[in-house]
Structures are given as structure tokens and as C-alpha cells.
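2 protein chains.
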Amino acid sequence: MKSKIKLVEDMQFVGVADSGHAVAMDAPPSVGGRNTGSKPSELLLMAFGGCTGMDVISILRKKKQDVTNFEINVKGETPESHPRLFTNIHVEYIVAGKNISEDAVKRAIELSLDKYCMVGNTLNKASKITSSYKIIQED
Amino acid sequence: MKSKIKLVEDMQFVGVADSGHAVAMDAPPSVGGRNTGSKPSELLLMAFGGCTGMDVISILRKKKQDVTNFEINVKGETPESHPRLFTNIHVEYIVAGKNISEDAVKRAIELSLDKYCMVGNTLNKASKITSSYKIIQED
Chain A
0 MKSKIKLVED
10 MQFVGVADSG
20 HAVAMDAPPS
30 VGGRNTGSKP
40 SELLLMAFGG
50 CTGMDVISIL
60 RKKKQDVTNF
70 EINVKGETPE
80 SHPRLFTNIH
90 VEYIVAGKNI
100 SEDAVKRAIE
110 LSLDKYCMVG
120 NTLNKASKIT
130 SSYKIIQED
Chain B
0 MKSKIKLVED
10 MQFVGVADSG
20 HAVAMDAPPS
30 VGGRNTGSKP
40 SELLLMAFGG
50 CTGMDVISIL
60 RKKKQDVTNF
70 EINVKGETPE
80 SHPRLFTNIH
90 VEYIVAGKNI
100 SEDAVKRAIE
110 LSLDKYCMVG
120 NTLNKASKIT
130 SSYKIIQED
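First to last, the sequence lines map onto chains A and B. Just so you know, we're using numbering that gives the first Met the number 0 here: the first sequence kicks off at 0 and counts up by one. Just so you know, we're using numbering that gives the first Met the number 0 here: the second sequence kicks off at 0 and counts up by one.
Chain A on its own, in the form it takes in the complex (with noise of 0.2 Å):
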């Protein structure tokens, strides 16, 4: 898997990999950019929200819950100090839907956060990876 990121200016860079989306990234005034896109390390979040987001509807749609809404929220925190890295990530996961069985979410997430998401895997050798869910039932 490769990705080429280029250099456009002041601190904004685009990034275009293997499946041809660009990506803008850009960091705030205080250390010289414009704020024009997501910061890399907001990026990194995004990329473990979104792995591990596909995994779980995939599953709860194999387990045929009626799922209506799913969202999923991520949080890091970084330590001040240098070599600052994401030492605890905390991931929410929030399905809405009728009936949905509050087992097959808790397995869903289980099979992404300790066996399919790559994302994830490659971070909890860094971070602390915690989890909790709300499920909306509705009528």
C-alpha cells in the first residue's frame, strides 16, 4: 500500500494513495499554516474511526440488526513532553436502529478492536485502546 504527499505550500500537503482520494492536510497559524485541512494526527483518529467503524456495521449487518444510525466517536490523548504519541485512545460507538441486540454490538466491536481492524492493531502497540457503546433503541 502506497501513498505520495506533496507539498503545496506554507505547511499544506496533499496526500493521494493506492485508491486515488486526495487528502488535504494542513496545521493551525501558531506553527505556520493556514488551518486549510485536517491535521495529521486528527487524521490518524479519523483513519481508526473509520476502520473500525466499517467493521462493525459490516458485522451487525451480517447479524441483520436494523441499524439507522452509527456514529463513532474517538478521542487521544498525547502527553506535553517530546516524543509525544497517542498513549490512550478511547473509541465510543453509538448504534441507533430497532431491536438491535446489545450482544451482537459487543461482539461486533470485540472482533474489530481485537482481530479485523488494522488501524487499530497497529495503535494499541502504542496507545491504550478503550471502548464503550450506547445503543438508541427505537420505535
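Please note that the accuracy of each hint is not assured.
What the hints assert, rightly or not - Each computed DSS-like pair below joins lysine-lysine, with the alpha-carbon atoms no more than 27 Å apart:
#1 B:K97 to A:K124
#2 B:K74 to A:K124
#3 B:K63 to A:K1
#4 B:K124 to A:K127
#5 B:K74 to A:K127
#6 B:K61 to A:K114
#7 A:K3 to B:K63
#8 A:K114 to B:K124
#9 B:K3 to A:K61
#10 B:K105 to A:K127
#11 B:K63 to B:K97
#12 B:K3 to A:K63
#13 B:K114 to A:K114
#14 B:K133 to B:K97
#15 B:K124 to A:K124
#16 A:K62 to B:K133
#17 A:K133 to B:K97
#18 A:K127 to B:K1
#19 B:K5 to A:K62
#20 A:K127 to B:K114
#21 B:K97 to B:K61
#22 A:K114 to B:K63
#23 B:K1 to A:K105
#24 A:K63 to A:K5
#25 A:K127 to A:K105
#26 A:K63 to A:K97
#27 A:K61 to B:K5
#28 A:K124 to B:K5
#29 B:K3 to A:K105
#30 B:K114 to B:K133
#31 A:K97 to B:K61
#32 A:K74 to B:K1
#33 A:K124 to B:K1
#34 B:K133 to A:K74
#35 B:K97 to A:K3
Unchecked claim - Quick list of the computed label-pair ranges, beta carbon to beta carbon:
#36 A:A21 to B:P82: 25 to 33 Å
#37 B:E76 to A:I93: 29 to 37 Å
#38 B:G19 to A:K61: 17 to 25 Å
#39 A:T35 to B:K61: 15 to 23 Å
#40 B:E76 to A:I134: 31 to 39 Å
Hint data in this document are derived by calculation from the structure and do not stem from the laboratory. Ideal placement from N, C-alpha and C gives every residue a C-beta, glycine not left out.
Given chain A's structure and the hints, the job is docking chain B onto it.
Chain B only, in chain A's frame:
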């Protein structure tokens, strides 16, 4: 640092983090997606390239290097069997400009990979990160 990732439809998710920028993610058709956005694992590699790229260009500018073009290629390797993760990541820096100091480039890369780059510091607990550089001296 927080981000919210929301399912849009099929396997398409949109992430938004603190800086307010949205990023679309999707999966290929082979796993139920429509390839409308980057794969999460690609985003991880691009986040790494952007992170270390911002460090390196900042340091080169501080060292008064006249950089006219700057690109980063990131290549990640993963085993085929579960649990998958990036076991090896290679990052190549291509710096073009006038009278570019090789020492400055080497030192900037070292500082980024050994100290400053938060994404790299997180990934290098899971992945063997290697680097190389090319300098294109312009007339």
C-alpha cells in the same frame, strides 16, 4: 483531541475532527463499499507522511534551505493473515531546491522520526519504520 465519524451509507463514513475539516472514507466494492473516499488504512499512511513532512519542511525552512518542491512517498506492508497491521513502513523524502544541504535534510528527517512526529512516534511501536531521501539540486 477528538473526532467524530458518522456512517453516511453503505460503507461510506465521514470524519470530522477538532479543526473542523471533513474527510470521507470508503471501502472498495469487494467489501461492500463504493470507493468514494480513502480507505482508513491509506489515511493512516497519509497522516504519517503529512506529519513527518510538516516537521521536515519546518526544519529545512529554519535552516534557510531554498526548497522548491517536496514530496514524500510512504509505503506500508502488512501480512495477509489476521490480525493484520502495518509491520513495515518505508518513508522516502524527495527534496528539490537550490544548494540543498544533505546534512540539513538528514538531520531534519532524524529529528522528525526520532522526536517530533507524533504519528510516527505512535506507529513505530507497531511498525519497523525505515527512511530514505533523494535530493534534486536545481540550477
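Hints and how they fare:
no.: 1; hint: B:K97 to A:K124; in the structure: 41 Å, violated
no.: 2; hint: B:K74 to A:K124; in the structure: 19 Å, holds
no.: 3; hint: B:K63 to A:K1; in the structure: 31 Å, violated
no.: 4; hint: B:K124 to A:K127; in the structure: 12 Å, holds
no.: 5; hint: B:K74 to A:K127; in the structure: 25 Å, holds
no.: 6; hint: B:K61 to A:K114; in the structure: 43 Å, violated
no.: 7; hint: A:K3 to B:K63; in the structure: 25 Å, holds
no.: 8; hint: A:K114 to B:K124; in the structure: 18 Å, holds
no.: 9; hint: B:K3 to A:K61; in the structure: 24 Å, holds
no.: 10; hint: B:K105 to A:K127; in the structure: 32 Å, violated
no.: 11; hint: B:K63 to B:K97; in the structure: 11 Å, holds
no.: 12; hint: B:K3 to A:K63; in the structure: 25 Å, holds
no.: 13; hint: B:K114 to A:K114; in the structure: 30 Å, violated
no.: 14; hint: B:K133 to B:K97; in the structure: 14 Å, holds
no.: 15; hint: B:K124 to A:K124; in the structure: 5 Å, holds
no.: 16; hint: A:K62 to B:K133; in the structure: 50 Å, violated
no.: 17; hint: A:K133 to B:K97; in the structure: 56 Å, violated
no.: 18; hint: A:K127 to B:K1; in the structure: 16 Å, holds
no.: 19; hint: B:K5 to A:K62; in the structure: 20 Å, holds
no.: 20; hint: A:K127 to B:K114; in the structure: 20 Å, holds
no.: 21; hint: B:K97 to B:K61; in the structure: 15 Å, holds
no.: 22; hint: A:K114 to B:K63; in the structure: 47 Å, violated
no.: 23; hint: B:K1 to A:K105; in the structure: 22 Å, holds
no.: 24; hint: A:K63 to A:K5; in the structure: 43 Å, violated
no.: 25; hint: A:K127 to A:K105; in the structure: 19 Å, holds
no.: 26; hint: A:K63 to A:K97; in the structure: 11 Å, holds
no.: 27; hint: A:K61 to B:K5; in the structure: 19 Å, holds
no.: 28; hint: A:K124 to B:K5; in the structure: 26 Å, holds
no.: 29; hint: B:K3 to A:K105; in the structure: 20 Å, holds
no.: 30; hint: B:K114 to B:K133; in the structure: 22 Å, holds
no.: 31; hint: A:K97 to B:K61; in the structure: 57 Å, violated
no.: 32; hint: A:K74 to B:K1; in the structure: 4 Å, holds
no.: 33; hint: A:K124 to B:K1; in the structure: 20 Å, holds
no.: 34; hint: B:K133 to A:K74; in the structure: 37 Å, violated
no.: 35; hint: B:K97 to A:K3; in the structure: 23 Å, holds
no.: 36; hint: A:A21 to B:P82: 25 to 33 Å; in the structure: 29 Å, holds
no.: 37; hint: B:E76 to A:I93: 29 to 37 Å; in the structure: 34 Å, holds
no.: 38; hint: B:G19 to A:K61: 17 to 25 Å; in the structure: 34 Å, violated
no.: 39; hint: A:T35 to B:K61: 15 to 23 Å; in the structure: 22 Å, holds
no.: 40; hint: B:E76 to A:I134: 31 to 39 Å; in the structure: 38 Å, holds
In terms of the numbered hints stated before, the structure departs from hints 1, 3, 6, 10, 13, 16, 17, 22, 24, 31, 34, 38, listed from lowest to highest.
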